[in-house]
Structures are given as C-alpha cells and as structure tokens.
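Protein chains: 2
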Amino acid sequence: MSKFVYDFIEGNKDLKDLLGGKGANLAEMTRLGLPVPPGFTITTDACRAYLATGTAPAGMFAQVEEHLREMEAQLDKRLGDPRDPLLLSVRSGGKFSMPGMMETILDVGLTDTSVVGLAAQSGDERFAWDSYRRLIQMFGKTVCDVPGEAFEHALDAAKVAAGVAADTGLGTAELQHLVEEYKKVFHAHTGRDFPQAPHEQLYLAIESVFRSWNSERAMLYRRQERIPHELGTAVNVMAMVFGNLGAGSGTGVAFTRDPATGQRGVYGDYLENAQGEDVVAGIRNAVPLQDLQDIDPANFAELMSTMDRLEHHYRDLCDIEFTIERGKLWMLQTRVGKRTAAAAFVIATQLVDEGIITLDEALHRVTGAQLGQLMFPAFDPAATPQPLITGVAASPGAAVGRVVFDSAQAVAADDHVILVRRETNPDDLPGMIAAQGILTSHGGKTSHAAVVARGMGKPCVCGADTLDIDARAGTVTVDGTVIRDGDVVSIDGTTGRVYLGAVPVRPSPVVRHFEGDPQVSGDALVAAVDRLLAHADGIRRLGVHANADTAPDAERARRFGAAGIGLCRTEHMFLGDRRELVERLILAADDAERTAALDALLPLQRADFVEILEAMDGLPVTIRLLDPPLHEFLPALEDLTARVARAEALGDDPGRDRLLLDAVRRIHESNPMLGLRGVRLGLVIPGLFAMQVRAIAEAAAIRVRAGADPRPEIMVPLVGAVQELEAVRHEAEALLATIDGVPPIRIGTMIEVPRAALTAGEIAQSAEFFSFGTNDLTQMGWGFSRDDVEGSFFGRYRELGIFAVSPFETIDAKGIGRLVRIAVEEGRAARPELTVGVCGEHGGDPESVRFFHTAGLDYVSCSPYRIPIARLEAGRAAAHRTAATSDSR
Amino acid sequence: MSKFVYDFIEGNKDLKDLLGGKGANLAEMTRLGLPVPPGFTITTDACRAYLATGTAPAGMFAQVEEHLREMEAQLDKRLGDPRDPLLLSVRSGGKFSMPGMMETILDVGLTDTSVVGLAAQSGDERFAWDSYRRLIQMFGKTVCDVPGEAFEHALDAAKVAAGVAADTGLGTAELQHLVEEYKKVFHAHTGRDFPQAPHEQLYLAIESVFRSWNSERAMLYRRQERIPHELGTAVNVMAMVFGNLGAGSGTGVAFTRDPATGQRGVYGDYLENAQGEDVVAGIRNAVPLQDLQDIDPANFAELMSTMDRLEHHYRDLCDIEFTIERGKLWMLQTRVGKRTAAAAFVIATQLVDEGIITLDEALHRVTGAQLGQLMFPAFDPAATPQPLITGVAASPGAAVGRVVFDSAQAVAADDHVILVRRETNPDDLPGMIAAQGILTSHGGKTSHAAVVARGMGKPCVCGADTLDIDARAGTVTVDGTVIRDGDVVSIDGTTGRVYLGAVPVRPSPVVRHFEGDPQVSGDALVAAVDRLLAHADGIRRLGVHANADTAPDAERARRFGAAGIGLCRTEHMFLGDRRELVERLILAADDAERTAALDALLPLQRADFVEILEAMDGLPVTIRLLDPPLHEFLPALEDLTARVARAEALGDDPGRDRLLLDAVRRIHESNPMLGLRGVRLGLVIPGLFAMQVRAIAEAAAIRVRAGADPRPEIMVPLVGAVQELEAVRHEAEALLATIDGVPPIRIGTMIEVPRAALTAGEIAQSAEFFSFGTNDLTQMGWGFSRDDVEGSFFGRYRELGIFAVSPFETIDAKGIGRLVRIAVEEGRAARPELTVGVCGEHGGDPESVRFFHTAGLDYVSCSPYRIPIARLEAGRAAAHRTAATSDSR
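Protein sequences, first through last, are from chains A and B.
So that you can map any letter, position 25 of the first sequence is 25 in the UniProt record's numbering, and since no number is skipped, the others follow by simple counting.
So that you can map any letter, position 631 of the second sequence is 631 in the UniProt record's numbering, and since no number is skipped, the others follow by simple counting.
Treat identical chains as interchangeable: a pair holds within one or across any two.
Subject to a maximum C-alpha distance of 20 Å in a straight line, what follows is the list of computed EDC-like cross-link-like pairs (lysine to aspartate or glutamate):
1. K814 x E825
2. K814 x E762
3. K814 x E726
4. K184 x D112
5. K328 x D124
6. K159 x E174
7. K183 x E125
8. K184 x E174
9. K814 x E826
Calculated directly from the structure, the hints in this document are not laboratory data.
Turn these sequences into a full structure, and let the hints steer you where they fit.
This is the structure we're talking about:
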C-alpha cells in the first residue's frame, strides 16, 4: 500500500514534489520544534491518482483516518465533538506557489451539534455561529458548486432584516437564522442537506481541493507561469487556531528582510483580534510588525528568534504567516519569500557577507531576467497615472517625448520624441535612433520595431491595435481621445502601458554604472550586481560577444563586458544615403554598371569596418556578408503599384516609379524569407561578396599599418550545403591572397538553415567557425515567419498550451535545440578546433543562455544591453548548485 | 609499389572503377580470347594521383615501359622503329561513358624516321605521311594547347597551293610539305620542336588525357549527368590497327539488337577502307552491316559469332566497334549498349524469355524514368519542324491546339486548345483541365502550372521567357513572330519545344493500355511493360497510393494501379463557384456569419467525399484538412491595390474592391508559406476543421448505409508540435462520436515541418499515421520557397555543382532524407503499428522512391500518371540484384 498521508513530523522541506511547498515547509517547521498546529499532508501522488481516475486511491481515506486519530489524541479533541470539537483547515499546496488559484476550506468539523461545543469552549457564541455560516458558504461554493450569489443574497437579506450595513453588525440570533437560510440555499442547489457528518465534510473537502488543480483559472495561471500541468497539488489538513478570540489574539505576515529593497531587518504587518483572511480582505488596518513589541513583548521576542532561526535554516529570505491565539504563538506557514529584482541582488550578497551562502549559491538566487529589469529606466511608481492604452511590452524601459510620425521628423527634432508608426522598417532606423522610444499599432514582440528597439535597448510598445494613426493628418486617435503631432506621451516598454503627458522617469543606476557614472558606485544595488557579475565572469565557460553594427555600439558593448563582436551585420551599411548606390547595383543593366556601383560602395564599407575594428581592437569581430533579400532596399511593391496606377489613371508619367516598379516586380518573391538572400545573393550577384571581403581585408590592413590588432572574421549567411560555403571561401581566399598586409582572417558560417545543422559534419570541413542563427533556425524549423505569426496566432497557441513562451523568445530546446546539438556534435567531430557560437536573439535570453551552456557552445552573442544578462546567466549555468538551494526560476 | 598499369589480359569487366569502362571491357574481350589488339590500361588511381599532385605517381612510367616492352615482344615491333614502328592509340576511358568529352591521341610513335618505316610496311606512302600530319595536329592541340585554327590555316594553304578542295586531294609530296608546315606551327606556339622521341610522345599523351578529365566541358557534362568529379579517368594504350589500308580493310559499329525498338537481330554500319573517325565524320556513307556478309563473308561470320558470344557473356545488349585490317578482324571496343526507353523494356523481357536473365534482373534493366517517357504522347519524329522557341520542359508529352489566353476561353472552346498564360494560379484550374496543354512565359519546373500539369499528366512548357503575351490584344509575340488568338501551336513538354502549327502526335500505347484500350494489347512494348510491372508488384514492399482530389482522378488512379489515395487535398473543393462561400467565411464579421458560410460549405464537401469514397471503395482515402493560406482564395493584393488606386484617382467608388482590399491587407503575410495555414488555420478559425471532419464522417456514413466499404482517414497538415495534433484530434474525436454509423476513421498527420520530424517520437503518440510532405520539408529544411528559387538561382546552383538536380525533383537524401529517417525511426519506436508514407511530389520520382524504400516507408503516394513509375521503381528497389548485372542509372 502506497503512503498517501504524511504527518507534519514525517516530512521535510525537500519533499516539495510530494508534499507541495506549503506542506513541506510546515513539516520542516514542525521538525525544527517550532509551534505549528498539528496536522498532516495528503500527497500529490494521491491527487494525480484522483485526477486520473476520478476517485481517491485505495487506502487514502483509511490513512487520513489514522492520522486524524493521532491528531485527536495529541490535542485531546475529537472531530464533531459536541462539547469541544476539533476543527480543521483543508488547504491546497502545490510544488510551486499559485496564490489564490486553488481552494481552501476552513472550520471543517462544524455541525449543528459541534457548533454548540465551539461556542462553549471559546466562550464566544457569536464567533461560533459566524464560523459555522462561513463553513456552509465556503463548502457550498467550493465543494458543491453552489453559486456564490445565492449566499450573498441571503446575507444581504439578513442585513436588511437586522437594519445593519456590515456583516459585523449581525448578532448571534441573526447568525443562527442565517445558518438556517444558508442550509436552505445549500439544499436548493444541491438537492441534499448540508452534511452533518464531520468526516464526510473532510473527505469532500479534500476531493474538492484535488479537483481545484484543474480549474480554468488554475490551468491558465500554470500556462502563464510555465508550471507543468501534471504535477498535481497536495492537501494540508491542519487543526484550526483562531486569531479572532479577543484582545490576546491576532494574526500577521512577515518577511525576514525588506522584500522590496533587501534592507536588513524584519518587515511585516500585524492585526489584532483577526483571522488571516481579514488581513487579506483589508477590513481593518494592520499595524507595523514592530508594534507587536509593545502589544505582546513575549510573543514578539519568540517570533523574532523564530524568524532568525528560519532564515539561517533556509539560508534565504523567509516569508511567514502566524497567529496568536489567546497569548499562544502559532506558525501557520513559511516559505522562501518573493522579492523585487533589486532586493534579490542585495539579499544574495548580504547572505554571502553573513557567511550563510557561497558566491556560487548567490548566483542561483538571482536571474538574468531580474538583472534585465534593473537595466531599464523606469517610471516613478508614485507619479504614474492611469494608462491610456496597453500594447505589447516589446522592449523594456520608460520613455517620454513628443509624438512624431516619421523618421525624418524624429531626426530633425531637437528634443525628446516618441516615434509613432503603424509598423517600422529598415528605413525608420535613423528615426528610431533619434527617438527616445517607439510606439506602433501593429506587430508583436518579434516585429521589426521590437527587435531593433531591443537591440538598441530602447523602450518600445508594439501592436497597440486600438491606436488609429493618421500620419498625414498628424493625429493618433484612441477611443475618441485625439493625440496630435507634438503632444507628449510616456511609454513603458516593460509593461506595455502608454500614458498621456510626461510621467517622471528614473534612469537605471546599473546602466549608469556600466556607462561609467561614478555617482552611483556607492549604491548598494550597483555593488551587489557588480560583485555577482564579477563572480559569474570568473566561473562561466561561455564567452559573451555582442551583436553590434556600428562603432558606438561596439564601444558600448565593450563597456558592458563583451569579449568581441559575434555578429556585425553589413546590411545596415547599405541604408540611408547609400541606398541610391544599392538601387544602382540592383538596377544595373550590365557588368559595368554593377561594377561601378560596387566600386562606389567599397570605400564606404571599408571606412565602416575601420571604425568597428578600432572600437574592438584586439577582440574578434565577426562580420556577416550581406544577408537580406534585395527588395528590402527598394520601395514596397504595394506603394509603387498604387503610385503608378494613380499616375496612369490621371494620364501622368510615373517616371522613375515605373522603373522601380519593374525592378521590384522582377525581384518580387512570394516568400522572401526563403528566397534569394544570404549566400545565394553572393553566388548570384558577381562581385558583391568580393567587394565586401575586399573592404574587410583592406580595413584590417589599414589597422595593422596603424600598429593595431584587428581581428576580423568573415561569416557567410544562410549556408545550407557545404558546396555554397566552398564556393565563397574559394573566391575569398583567392582575393585575400592579393591584398598586402592582411592579418589572418577566419572564414566561417551561420548555421541557420535546418539542412546546415543536419549536414554540419560536411560543412565544418570548410568552416572555421559556426554561429547559430537561431532566429532563422526557428523560423524554418517550425515553419514560422516571425513577421507574420506572432500577431496572428501565437496568442491562441499560448492559450491552447501549444507553447508557454514564443520560440522566438526562448529557444525551443526539444525541436530547434536538437538541431543545435546535432550541429555542435557533428561539427566538432569533423573539426575539433571548430569555434561554435550563437548570434540569434536567443543569445541574450536567460533560459536560452543556459541551454547553450549545456549544448557546449563556446560563446553567445547578443545586443549590447543584454550582455550583462548573458554574463550572469552563463555564470549561473556554470555555478555549483548546493542541493539545499532553491533556485530562482 | 602500387600497380598502376594493367595489361588487357590482367583486367576484367568488373574493374570499371579502376580501369574505366573501356579498359575493363577491352580486358574482358581479351580474356575471352577475342581478337583485341595488344595493349594496357593505366588506372584511375594513377589519374587521381596525377590530378592531386600535378605529376605522375612514382613508378607509373616504369610500369608503362615494362608493359610496352611486353607489347613489343608480342607484336615483334618497336616503338619508333625506323623500319617497322609500333604505333599506339592513347584513349581516355572513365567508369561512366562521357562521349566526346575527353581526349584521344592516335598514331603515337610516328617521327621523322619511323614515318618512313610505316610507309614501307604499309606500302602506302601517302597514308603514312597523312597519319604523321594527323598526329602532329592532334598532339599539338591536345597535349600542347596549340590553337586548332593554326593547323587549319596551314591545311587550307596546302589545299590552295595544290589547287584541290578536299584533304584527300593532297598527295604524298604535299603531305610531306604540310608536315613541315605543321612542325613550324607547333614550334611557333610551343617554343619547342615536335618531339621526336616516341616515348616522350607517349608520356605527354598519357598526362594530357589525365588532364582532360578536368576540362570545362568534361566538368559541365559530369554535372549534368551526375557523375562524381572525383572518379578520374583511366588511359588505354593500344596498338594501332588500320581500316584504311585498302579494299580488304574497313571499320564498323554494331549493336547486338536494334537499340531503337529492341527488335532481335544485329544492327550496325560498315565503312570500307576507313578509320573509325571517318565514320564519325561522315565523309563517306556507311553501308548496313548486313552488306559485310557479301563483302567479307569470313569476317562477317566471325563478327556474328563474336557478337552472340558477347551478348551471352554480358547478358545484355552490346554495342561494339571493330576494324578489319587487310582481312584481319580486330575488336576495338564493346560495352553494354544504350537504348531507347521502349527498347529497354522489350530487350529486358526478351532476355528473360531467352533464359539469359531473371525477372528480378530484368527490373534492373529498365527505369521509372524510361517508363515515364513511354507514358506521354509524342510528336512523330519524322514530321517535326524547327521549333519556334524552347522553354522549360515542365510536364512531358505532346499537345496541339489553338492558342487561348484565359481559362474561360479554354472551357468554352469545343476543339483542342493550348492555354497560354504569363503564369497560372488556382483559378486557371478549369481552363487547364479543358486545355490539351499549357504554355507559360514565367516560372520553372515547380511553378503552379508545372506542378498542376504534371498532376494531370498534361503537357506543359513553362518559363518560355521570350514570349511576350498580350492577353488583351490576343497576341503572343516571339522574336517578331506574332501568334494570334486561335492560331495553332504544338508544344512538347518532354523537350520544352514549341512549334508553330500542328505537328502530328502519337498517343502513348502504354497509357492506352492502362486506360483499357484492347487495340494495343498485342503491342510488344505494352506486353513487356505489363510483364515487368506485374513482377514489380509481386516483389515490392512499398505500397503505391495516389494523390487525387476528385472522383475521376481516383478512378484513373485505380486503373493505373493505386492501392488507395494517399493525399486528397480539400482546398480544390473551395474553388470555382464555391469561392464566394470562402470569401464569406474569410470576411465573416461574427460567429453567425462564419457559421452560415461553413454550413453552406458542408453539403458540398460531403458530396465531394461521397464521390471519392465511392471511386475508392474498399481502399484507404487519406483526406487532408484545409492547408493553404487564406489569401489564396482572394484576389491578389497587387491587383486590388491597382484597381482601388485607379478608381480613387478617377473619383470613382471602388466598391467591393475596397472591402476585399481591406481583408487582403488584414490577412496579408510577408511569407505566407510560413504563416497562417494548415493546422494553424484549424486552430484559429472556429468550426473550420469541424465542418470538414463532419463532412468526411457523414459521407462515410452515407456510403456505409449504401452497403459499401468506405475507408476515409483524416490527415492534419503542417503539424510542428504534438500539442497541435492533440487539439485537433480531441475536437475531431468528440465530433465523430456524435455522428451515427461512421466506420473507424484513423487520424494522422503530415510530417512536413522540420520540427515535426525532430519530435516525431512525441507526435506519434497522437498520430495513427505519418505522411511525409517532402515538398514543404524541402522548402523549410533548405529554406527554399519553391515559388521563388527555381527560376531565380537554381540554374546558377546547378552550374556551380551545389546540386546536380533540384531537391524538389529528387529528394535530398543527405539533408531532408535525414529528417525522414529520424521521423520513421523515432515514430515507429513510439508506436510500432504506425503507418508511414509520403505524399509529396517526390513520391513519384524514381530515385526518391528507391530512397523511401530504403528508409522503410510503407507506401508512396503520387499523381495518377506517376503510379506505374512508382510501382516499377518500388519493384526495382526490392528486386534481387545479381552482382554481374550492370544497373541502369
């Protein structure tokens, strides 16, 4: 017979899988000898068995009875005793906290007879009948699905009859009458009487807690929080204690340190003559925990010593609930406490200083996501008004500025602006650089605006689809509110909220520190972040490089701790005022025209590379040859079509638009993502890659002549077959051999086409390094166009539980990750010295960084603002994990 | 020391890898005791070593000398002997025949002194000097890269000086003078004298044959013919024999059966007093081989017995070259002869009847590609004029008809028409069905026109890009020629040729037979095809199903031998006059409108399924739920944009176009291939899949009530994660349970997203069958949009040798095939009874069918016209292969 029930004295805090978090911690406190009311926990195994079959597993209730008898003996009270009844609380408690998601039933054991005993024992008749009516109400709703309104109506009627406004105005007689009314409600909705057998009450309560695991709201919460559905909940049955038995009673919650800032010293609230739910309901105002020192010095001292003991025992911030019943302190719950991102860093280093944990353990107490939160400016919470609308929180941080509707306006502005667009494209880049933040009405977290903004570390709210943008009229309309060109808005990319007017912003002290601001060096948070990052750097195995296309980006990346550039995109060097040259290249009618366009681009590309190599002197700079499809450099087909049709309808000459339209039609592709781009362009357009290779080589030679240490590498995009890479390598090596003074330049490839991963052993024969382009690998491996799918059906997919998080945000370890593992393994087998990195956006995602550590990569590369996050997560992945440490998720 | 040189008596026909085809067969004939001039073969190993290092491997020339001494002893002649010189031919010969691609040098050994000996021995001074001048010319061009024109100029000058028109007019003295001129040309271009050392001539000739392996034209040929570049060529050195020494001499080529029809009886040409190259040059007319019986009865008899012996020895049609030198027959070459597709089938069954090979071996003598050729109507070769243009040979067969420019015209026509379009789309389907053939100016082998035409078995020429189609004017212009609406053209989809006017067509007797025409049952070819297909059916392990969407297609598929429908696409049931309902579905503003549209579609879908299930009664019909993106059912964005812009510019109301444009914009996707389609549609559009599942179930129930045996299966497209399939299965099973009288319906999935293959073990837990969609798997695995890439860069990729054949035509076994193997293995591991098939276009491609056999699939599914091909190839894959059988490629 399986063991389904554990007395509190039998469990311990490491049995969370079996007993849930609450049960395991109650057991732990009981074992520590702390004053926990007697009780027992029914395991998650029992819950899973119940949910699978619809009935409790054989023997479970017998075990419950056995443990109940022990409790009765210990307390010298009996369940249902008409003179001195034992009352029970029945509470859910899964492995992971799901606050408010599942059911609790209090005062189990009250019946028409035992209520009399409770009244006698407590000496408070009103309290006894109020408890009884609460049980019927809670039991009816939870166990028997009686609609809550039915009880509310009866309560309201009782108050009207008594001529009182609040529940507390009802006296004993009225409550006795209300109990009768409640029993009628119960019967009317269930067709049976409220159960007068206390054991039946207990059994039904336990089963209803099991069932509450699969309630709609619990399932939704688990999907959001990425908690597996198959875990199930445990059920804790505990003797009731009462904080509402007069002046010597009360209840409170407390933290062992301040969970908001991490400051040392206990922190909490106490409410005299009240139950726990009264604190939650906020019926009366609680007092600071310190006041208990005056109210009840003995219990305060006992509580302080208990909390100190718990913190040392759990080796972390603890969060507790307690009740004082007529002068006796009872511990009702403890757990490792939730805290803000700032508090997490501060507390982790405090615990190191106090000798409680090691630095390795401290790394497991913080997360990259928390560090990310700390790196963005934030609105002052005290001064935040009601948001106008909420869109997709696409790139975190707070920004305030005047509304502008196009890139040129943004560039021309000499004050802070917010660029507002339906959606952005590469042409908006100058405006995005100039603006404080970006707001769009279309696209999701992987839209162009979102990706570029995150790359820049700039706040962005996307897909605010109730915005009606009329760029010509210079207005945005939201539910009747009209915002005009020049009006000030504030956007919060961390929450997706958009505010009218200017909300005060506080810059991130962490970023100020990275940027070299000495004023923040004394800040406790900054010191804590610095210390944990330094430790992470000391132990991590993954290198951290930056995705950076310009010298300023490269400089910032160095300040943020990058050990090189893992992805320098050359397409951004083809935009702006160089676009005209690119159009010439695309429209070239013959070799001469094409060569002329390439010749004109060469010195510009070379100058770009000189600057970047200078900024990254002594560190590798991996330069990707041109990747995007050509149509991205020309106006949109739809715009040109409309322009030409309009001109022709009016009898005008469409002029250059006609020429461009022909070119765009010629190169138009149904699925440009899967078309002529990357290495394919290089193999089809004579001289294109050669121009880029020459620019890189000549830039390196210039730097060498200047006495510097340039370390460029050439990366070929979109390779699917080794023959493609061989063809490019052949041409590049021949060209490099003709240029004087060039340092050694390694040639490698992106692994971003599934076939490249599947044939990595072959490709490694021609590649000195691999860099996973996990964005494209995800697009092709799942068949998801990032431009299309996030907005269209990812929401529905998350609802359906098909995935908990977008695979563009966190790498899909099972599917796409398998391609990564295949390629690492087979690439290294073919060429043991192969360098393997990743330069997709996943390179800066905390969970993905840990995956890449496990997969054995050499480095991750990410946007400059994510570098500290990646450093921290790489350190966490490598840090020794003590068994007792509860990891931050 | 490696052995680099094999005397002919040392080799045999199975050493083709080492000795090349020609060398191995010369050795085989020598071992059989046939009259082969003495000689030896230098191995492909030596060639590879030479090509890798640029010099002959150590010891090779010493071995050549040793074998040469043996030849000299055997013939009692010496190389360079001034009285009776041994002369040598030096010929290339790789593993696979590459006719005319590499070099041959004849008469090696002639020098200023040995030419005199040749004259004396042959008694023909003119012959000797003509041979010498030919050697200088051939050697100069081949070994020393002297331009051919330089020799031509000298020859022309000699003819002018002699006052003769033809080479044959030059006498001995003039040829002696020409030799001097040739030597001057040689010196002028090489800076050295023509080598007078015969051994040096031989060494240089051997090396130049090695080098010719890597000539441009040889490399191009190998790419086209898919011959690996690393094989290298062998070199055959043989004593010269001369067919041009007067009346008792001659030369000929012969086949042991008619290579065009397969008819029994030798077949060939003979030319008296001539060398082999004269036959090729066509200077004089050859006579039928039979005439040799009168000219030289003894040698004719010897030749006949030799050919009979060779055919029995090789157990196949042989092709030979021979020379008679002054009454002595010499065999100069033999090989298994090339033959037409028809001859291949006829000869294979003849050889079975003659007891020479088994039926299993016979299957290896024919190919699916050959059977494919036999299934299309063809133009009468005797009556074919010059083509007007040549486009892409997109779907084989011959068709003649009047030019029409749109689908409606084609449908309305009551005679044969050719549909001429820039490109086609699903709306052209009725016109394509009505037309005899399709001609487009855009798109390649995987364009819509090509894919649909192949599916229908209808001739199609695509991408004829010099066609200037003006549908409004009703004209097509090609290089100044104007074809008008109603003019007759003939198109040959097998060759891509387009002819003006009507060319006579012969229907395929094989297809007539499948279609039940009794008139062709006596045809030798039809009997041979039938017999080999029956044998293939008896031994194959792969089932063959059909891709068919309509009852007529299903009926045809059954006649062609399909054992079920592997892919019934439901999207075709959403076109034509049902499009209006689909527009309502897409434009639906609320649930009620959407439900109304679905309710209207239900009976139409149900009726479709009833018909198909009837046509395939008793066999499985795998029905794929709706797959394509919704925009395919609406007008094109570009068209609507232009229409609306035009209307607005003119102040008109764009009306419904405005509404459609809004909808198209709303659902517009940058990469629809990777967007909202397949299972994603089903999960996002409430009721869509449910309507289809209901239609299938109700159709099956109707058939069951009619006493039939319907076997529908439901296939879910584009699944990437098991959760998607589970969601659909959950809904479908709940729905099926509500409909009475439904037979068991299996639910399975396409495996067409790479992630599905990578997580096949999970997916198999919810799938009763897998069907590989290798088109999409190729698109996503390579990152190739089939609509875009074939026309844009596949040509260049083939040139570069990145692939020899489009991966959309033959499955890429290494990359995409790996996904297939992973999915088969892990799917079966998770569910041993899993059925696994393929329904991409590869299911009908011969080489791919063999891959699917090896990968362990249960069946392939292909368009009806490819079913016999797949049956044959599945049989070939299973057929026992005798070691001695040379397989058809």
